[in-house]
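Build the full structure now, drawing on both the sequences and the hints.
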Amino acid sequence: MVRRRFSFGLVSRLSSPIYGRSPCSGGIWTPCLGQKRSFMTAKDLVESEEPEKKVTNRINMFSAINQALHTVLDSDPKSYVFGEDVGFGGVFRCTTALRDKFGRHRVFNTPLCEQAIVGFGIGLASMGNRAIAEIQFADYIFPALDQIVNEAAKYRYRSGNLFNCGGLTVRAPYGAVGHGGHYHSQSPEAFFCHVPGIKVVIPRSPSQAKGLLLASIRDPNPVVFFEPKWLYRLAVEEVPVDDYTLPLSSAEVMRKGSDITLVGWGAQLAIMEEACDEVSKLGISCELIDLRTLIPWDKELVEDSVNKTGRLLAPVTGGFGAEIAASITNSCFLRLQAPVSRVCGLDTPFPLVFEPFYMPTKNKIVDAIKASVNF
Amino acid sequence: MQGIMESIQTLCSGDHGNEGFMQDDEDEEEENGVGRLTSWAELLGFGLAVFSEAIAPQLQCFCDRTLGFAVGQGGSREAWIKAVAMAMSLVRKAVKKGWVGALAPAARVMSQALSTASEPITLDIPVPFKAHKVETPSVTVETSAQELTNFFKTMFIMRRMEIAADSLYKSKFIRGFCHLYDGQEAVCVGMEAALNDKDCIITAYRDHCTHLGRGGSVLEVFAELMGRKDGCSLGKGGSMHMYNKKGGFYGGNGIVGAQTPLGAGLAFAQKYLKVEGVTLAMYGDGAANQGQLFEAMNISALWNLPVIYVCENNHYGMGTAEWRSAKSPEYYKRGDYIPGLKVDGMDCLAVKQAVKYAKEYALQNGPMVLEMDTYRYHGHSMSDPGSTYRTRDEISGVRQERDPIERIRKLLLSNNIATVAELKTMEKEAKKEVEDALSKAKESPSPDSDELFTHVYRKGYGAKAYGADRKEVVVKLP
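Chains A and B, in that order, are what the protein sequence lines are.
In terms of the numbering used here, the first sequence opens at residue 1 and continues consecutively.
In terms of the numbering used here, the second sequence opens at residue 376 and continues consecutively.
Among the hints, erroneous ones may be present.
[As the list claims (entries may be wrong)] Covered stretches of chain A (chain B as the covering partner; in silico rule of three or more C-beta atoms under 8 Å from a C-beta of chain B):
1. 76-90
2. 343-350
3. 357-365
Keep in mind that the hints were calculated from the coordinates and are not lab data.
Glycine is no exception: its CB is placed at the ideal position from the N, C-alpha and C atoms.
Rendered as structure tokens:
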């Protein structure tokens, strides 16, 4: 796994009407509307580019996120963290010790009002601050949907670039945990993936979470950052202690393969890896891609991968798999050797006791891989 | 009349503890007390007492006095007397155990029940009401021995149920989220005393006891908590989603504050259909800052809907104290143009009085806000220890001074409605009821896996659900 390290430096405020500039571009940022990008495709994967030895710590995901927030609040005096119960550390401990270190005026609790939390964040960001709003569970983000879709996403566009709320980052834990029930397990990322003007970013591991969160906060566009709550404690990894960002809108190939491409994000990747291991015993070689940013997504990389393998499977739930499937079918139609398939949760509300039946589990993914390969 | 039937039921079920004319030393008496009878006079008194227990409550007092007089005399032929007395006590035991059905003794209980069950008792509410744009109701409330006893029993069952849920959660029978109501029982019990089945209640996720108050059973609650078939929502809802159609209980809602506009809608339906009932839309101090609550209040005031907004102020919105989350923690005034009352939520009678008053008001004039000043002993949910944002002293202080069950206990004892022993009996019964329900609920099976697809849409409308691979139709939704 190759990590490209980008130092922060000065981010130019030159911006195109909708997307602004990303810290990861060496040149001019282009919106993801079909123009060629010059880096990070499957073909360009250079394995000899070894990152230099860095000091790392073995920590879990909430600690990595906590470190990222500490870094941001340290480096930028105009950054603020707020949300329900963030003061004492948050229900998932992502904001521990922030209030003690940076004070009550920069890390503060809000009352129970998601719509107001995001709206307030938009206002704060439009004055040039970095507003990091926390929604306690992604299931509660719906009162704020209006603010995100109608206010945050369209601010730069409708004001002709006079104003923008690029400093806004909305963080929310999402996804199933095994016992969450209807309102603590939903994956609502797809609702936001069809809104031009915002970015949706989902990390899969602690080191990814720290880098992507730092990049999201510093990105001059509003970002909705979903954190897989299942991995908060479960995922433990060596995470560099210093300040680093990972590129947004850049997918990552986790393992190379030649028979089928699997695209996913977040906690589901752990399940997908298990499925890949299992089918590799049958001789099926899977290429596993972590999308990392859902919009604007790295279509190039996925297209190149599918052009190599000829098959695509998107075993992710929530609905965005449909967009990937449609895009790839459009661009790689003649190359495809099997229909693009998806493995998702079922068409019911997220259940309580039936969760094991509902989830796209490893066996369902293995079945789908086999079906696709044997088409 | 009801008191007598209750007593008979209790006795026939076999649990009756220490009733009888020799109250506190019952068991001792069986062994030693009979030996105390040393004269024919005593024996006669004893015999008469047995006879009176078996036959006529009215002879009770007379026999008590007789026995008292007889015991004062000395006597002889002890062994003979003891033997006869032993035989008679055996007879009494048999009769007492209810084998003779309706003539079962425990005359004391029956006579007491007869004389005091529905006699009105007037009591004063110690903590005064605070009012906003309305007159306060009177602090003198009329109740009865039976009502107070029912308060005690119901609250005790609720308390035991919540504590049992706590241990079930810790032993992983209940998974997911579990929000316990202990400490706040007075609110739902007091409310029920002022409502009937024409009224509707809708509340948030701390709903186990509210469900019980609306006619649910402890078995349903436990089964639902454990996700079993016998649960009130067929095991598909869980702790936060309990409903009761017959009792007009609309749940059981997970998203904070989302139930308040629903409450306005229920009230509109009641008004339109001329049902003469009100809706109680309950929410907490955390939810009091949600925008949708104010939207609901505006439309219910605009259209004069018979809805009562009940804010269960337990002073902590999860981990946030009320003064840290609300500019104005006087939630009864938050309705602004809607009148409000602040009520001591740990006092059943105050709650009953306030809800009665609010119901009359709402049926005539439109919405009202009631703020119930209450407290929860557990944390917000089972994953919250409850002590990181408040001191243990505070919790134990409230438990000692304001506990709703203790308050009713003191009332029952000071008004001579029940004795310590009788209360112990009631507690034992309640514990047993909860334990029975628990063991039955544990035996209940999980819902069938087909239930995963039922009730997504209305039955028979032909909607299809696609499975994980999105290709084949997995099931036509039933």
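Structure-based check of all given hints:
1. 76-90: holds (count 3)
2. 343-350: The restraint on the stretch 343-350 of chain A holds, since 7 of its residues have a Cβ under 8 Å from chain B and three suffice.
3. 357-365: holds (count 4)
In summary, the structure agrees with every hint in the numbered list given earlier.
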